[in-house]
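Engineer: Chain B: place on chain A using the hints.
Note that the protein sequences, when read in sequence, are chains A and B. Each step along the first sequence adds one to the number in the numbering used here, with nothing skipped, and position 49 is 49. Each step along the second sequence adds one to the number in the numbering used here, with nothing skipped, and position 127 is 127.
A couple of the hints might just be wrong.
Restraint ranges, calculated between C-beta atoms of paired labels, are given here [claimed, not checked]:
(1) A/H90 with B/H425: 28 to 34 Å
(2) B/P472 with A/Q110: 33 to 39 Å
(3) B/R57 with A/P136: 34 to 40 Å
(4) A/Q110 with B/L446: 22 to 28 Å
(5) B/A20 with A/E171: 42 to 48 Å
(6) B/P472 with A/G100: 31 to 37 Å
(7) A/A198 with B/S82: 43 to 49 Å
Here chain A is said to cover these stretches of chain B; the calculated rule only asks that three of the stretch's residues, wherever they fall, bring their Cβ under 8 Å from a Cβ of chain A [said to hold, decoys possible]:
(8) 28–36
(9) 340–353
(10) 387–393
(11) 418–425
(12) 432–441
(13) 480–486
Keep in mind that the hints were calculated from the coordinates and are not lab data. All C-beta atoms, glycine included, are put in the ideal place defined by N, C-alpha and C.
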Amino acid sequence: MRIAVFATCLVGTVMPRAATATVRLLERLGHTVDLPAGQACCGQMHVNTGYGPEAMGVIRNHVRAFAPVLDGRWDAIVAPSGSCVASARHQQADVARRHGDGPLAHTAEQVAARTYELSELLVDVLGVTDVGAWFPHTVTYHPTCHSMRLLRVGDRPGLLLGAVEGLELRELGEAEQCCGFGGTFALKNAETSAAMVADKADEIVATGAEVVTAGDWSCLLNIAGALDRRRTGVRAAHLAEILASTRDEPWQGAAL
Amino acid sequence: MSTYLGMPTVRPHPDTPPAAPLRWGPSFPQAARQTLRDEQLRANLRTATRTIRDKRRRVTAELGDWEQLRDAGAAIKADVMSRLPELLIELEANVTARGGVVHWARDAAEANAIVTGIVRAAGAREVVKVKSMATQEIGLNDALAAVGVDAVETDLAERIVQLAGDMPSHILVPAIHRNRAEIQEIFAHRMGDAPPGLSDEPRALAMAARAHLRARFLRAEVAISGANLAIAETGTVAVVESEGNGRMCLTLPRVLVTAMGIEKVLPTFADLEVFLQLLPRSSTGERMNPYTSMWTGVTPGDGPSEFHLVLLDNGRTRALADELGRQALHCIRCSACLNVCPVYEHTGGHAYGSVYPGPIGAILTPQLLGLGDEGGPFGAHDPTGSLPFASTLCGACYEACPVKIDIPSALIHLRERALHPDGGHPPTATDLAMGAAARVLASGRLLRLAGRAAALVGRVTGGRPIHRLPWPGSLWTRVRDVPGLPRRSLSAWWRDRGSR
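Extracted from the complex, chain B is given alone in its bound form:
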């Protein structure tokens, strides 16, 4: 525990490192109970999400064709999903023709084995990394550490998360749960080469990180990245970023390994026009991001001389098989849905127990893991099964999504899958209660009886608010009253007034 001496206030989030980055910890309600208590976290999140949200609103409103761009993005993605196999084969052919090597990985273990194999073959003990959700999803850094390779995250926020021993809590800004005082502590105690007397001024922190990272860029033999997009017709791969760390990683080292989810492929170079407008405006709220790097295979004397592209499935073809749910694969990881989500704003990302938090995570994670599939997770109380229920269905995510993923409809669909797994299951108490409710709600006569019963309670309680109810009503009355019940039922009122 000596590593924790000297930094008593900064503890890793979550407390214990998760075994599986795609889903760890208890069900969403249980995890949220913990994160909701963290007032500091809630204050950080509130400020941060609202700042990004307002920026996004401004820069999307200024484009006259924003809605058409969203439609185009949705249409291109739907086209990609309808012919994913042929596009991937076309991509492989074109990457190979330009001197790259393409690898296919069915799952996290295969992908990790491929990447660690390449790194070891290159003889590297340290690699620099461009922020990548795909490599977070497969736990690549741990796999590299297991073979004695130190993976250095070079995105500033990702480096903060790595040094703190945290899991990311946001797709774009993974350290959104940390404020600058905490970051100062993390740098001072974990960076190893932080300048003495480091303050928590943003500029001081940035300069410390800059010096720390630059040394690693210059000595790295191997870089590992993800991909925002890849173009099937040319074999071009692209990374979109803001800090320039990506450009360093993609150009300086001798060997470049890119791990990419198979859904990131786009048919043509012209499709970039749509996505390079949608992505920066939706994610950072910028008209254009500072650095867009594109490379096609290898070019002698210019950049890496060895390029590997690892195409990752890891549950994506399983999601593709679901006609309604597959739109989760349209996601371009902009995180606009996180920034507008009132649930995310209150609970933070760690409550979702996945590298994919927020509304998109609530539909993507369960599908990657096979919710309701034979032998797979199911039920509203299962950690994975609870995710689609972590939403009020307010629709803010759908409105913000640059590729128009109908997240609320997908959530409802996945709730149904969670509760009606393949192969069935014995009914729960909730199933029985909902079945009984369905019979009452399918009958005008029975509902009138329920109305009269409510009015009877209303007369007994004198129409006063009710402060306490037995379970499950107690879940409501713990923080709210039940406004007074009527003393006369609607049907009695209608009957007594006669027809007019």
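Chain A with its partners taken away, still in its complex shape:
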């Protein structure tokens, strides 16, 4: 398959390792991968913060960058983020329609129909759960709210992690509780966010896992930031990084 990677604005600027891992993983599975140059952001941060009108240009750019999928340039679009895929699938067209751009809404819907979160692409589209990864660590998985409740990825990440050689999965207590990130919530309601991520960090530490993983670097940034501050020694890895890790090219954390 020819697959376009939507890195997302956050991964594209501060956590490129999730995007490079996605590229390496898909190429290892025999697919042709592209990283469209015009891409930037899905518009979620602006929309969710109440800046819908201001998000229109961002949404327009996203749809333009990935519209070639409709002409057959790629077979699918994948993003290493449940939140951004949920925004493309459930938000962009609504926002465009409410702000009076029907044609944009229509194209956004068609592009979103070909856009997948990583675990969805692997399990549903590519039909694979064992991607041949090797990750000799104890791991706990945090289901991010948007991948769980908006995309309903369900047990897909668990199936993928379960097939990774050497990986021991530890169940996370109160896993479905939000980590307290919430985009600009972390700044606007900093104290509440801090109390929430403190509870999440406690639960992660209680599993005894070496690594915490999730399908969104946004939530992981919050969780890893709290774990680092407390010197817990628990490291964070995006699901893509674990699945990209092999004996020949093992996970190296922050190195790029």
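Structural biologist: Showing chain B alone in chain A's frame:
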């Protein structure tokens, strides 16, 4: 201050009684800063919300048609909102035909004037009350006190809150912020007729309250209630409760006054089938609540001989005018969204500064008060405007709501209303920053530049975590590190590896 002597540890929450029960106090972040410090409160909340949450999960999972019930509830409510005026007129006609008197109140002041007028006409100095959000919302107890009438709350938790001088912090369990040691103190010092040597054993506390309330049930001339539902086609009004206090109030006194938000009307008697399944399972986690009382007008020789129904607007038609936001009016006050909300669990209800706390309060309160309307509250820092921002948009509330109110979408919509008020406003620093960010995020080229700038910082800092940032980054770094930035940008990595 003599009333406080002897109970040094129990202070009212909030400290000073609010002027307006629908919205009091500072913005949500400021109020939360205070409540988050209360370790006792957080421990109480954690235990209580998790207990109710687990019960609800068990009893909703056992129904094979739970999802269809939720769909039915949502559909009936959408139908009600689309033809609210005709249903209310039908309700009025049927209540009147069965001997009841219907009153229409545009706002809290009108509703309070109507109810105090009825109570005074009845010559009562004391009334018994069934727990009611509508009467909390309008501050009826204070209005009655102002004319010398003592309103006695008879729901146990509501009575605790009243005796403590608190505001409720939860829709269903208003005293969730109090533990039994505090309740023992409140009873012993404020009840007036508490037995000597009262312990903090739940049974002892319940028996003390039972004796205290029973005396008042038996002498009351007037009762005041809210309504969980009212049926337009029959004129039937219903109250759903657990303690039997409601049944006492609704049957013993001579005069019954019910204050009801206009959104509580349902078209037909058959609709009860849906809501009497949805409500108890979602609120208390019970298959069926112990007491469901229904009455239709008055019946000679059976129950109250005088029945008044006060239909309350108080901002509801304003909410109805908002196509997206009006789903807040679908709420049946079960409080399932509070019990699953991670923000509520940490901050407690008083941080919302309203009788309607939690996720539903964050969308209902601003709409009742007219957020972003010409001359109304606006902005993320306004006390009312801050409420829609008090959520991570995690979606747990939407998943739990028995009538499928899409609270996250409504929150986003209200954030937009808060920041783009009718008539406009001069841009804030945040507006300017978000405008600049929008230009970068709408351009692949500019975002690549931002990625290269991040990588430059990554090389300077050696890819190590960052412990401290200037404001507004300090809001992040106060409790978290910024994980190390990359030393090479994504675009550089992609360019250098060449196409394969």
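Engineer: Hint by hint, say whether it matches the structure.
Structural biologist: We went through each hint and held it up to the structure:
Under the hint 28 to 34 Å, the C-beta atoms of A/H90 and B/H425, about 29 Å apart, fit the expected range. Between B/P472 and A/Q110 the beta carbons are some 37 Å apart, a value that agrees with the proposed interval 33 to 39 Å. Taking the beta carbon of each, B/R57 and A/P136 are about 36 Å apart, inside 34 to 40 Å as hinted. About 26 Å separates the C-beta atoms of A/Q110 and B/L446, a value consistent with the hinted range of 22 to 28 Å.
Distance hint check: the CB atoms of B/A20 and A/E171 are about 46 Å apart, consistent with the given range 42 to 48 Å. Between B/P472 and A/G100, the C-beta spacing of about 32 Å keeps the proposed range 31 to 37 Å intact. In this structure the hint that A/A198 and B/S82 lie 43 to 49 Å apart at CB holds, the actual value being about 45 Å. For the stretch 28–36 of chain B, the stated coverage by chain A holds: 5 residues have a C-beta nearer than 8 Å to a C-beta of that chain, and at least 3 were required.
With a threshold of 8 Å between beta carbons, the proposed coverage of the stretch 340–353 of chain B by chain A holds, since 4 of its residues qualify and at least three are required. Coverage of the stretch 387–393 of chain B by chain A holds. Counting CB-CB distances below 8 Å, 6 residues qualify, and the rule asks for three or more. Counting residues of the stretch 418–425 of chain B whose CB lies closer than 8 Å to any CB of chain A gives 3, which reaches the minimum of 3, so the coverage claim holds. Beta-carbon proximity to chain A at under 8 Å applies to 7 residues in the stretch 432–441 of chain B; the threshold of 3 is reached and the given coverage holds.
Here the stretch 480–486 of chain B counts 7 residues with a CB under 8 Å from a CB of chain A, which clears the bar of 3, and the coverage holds.
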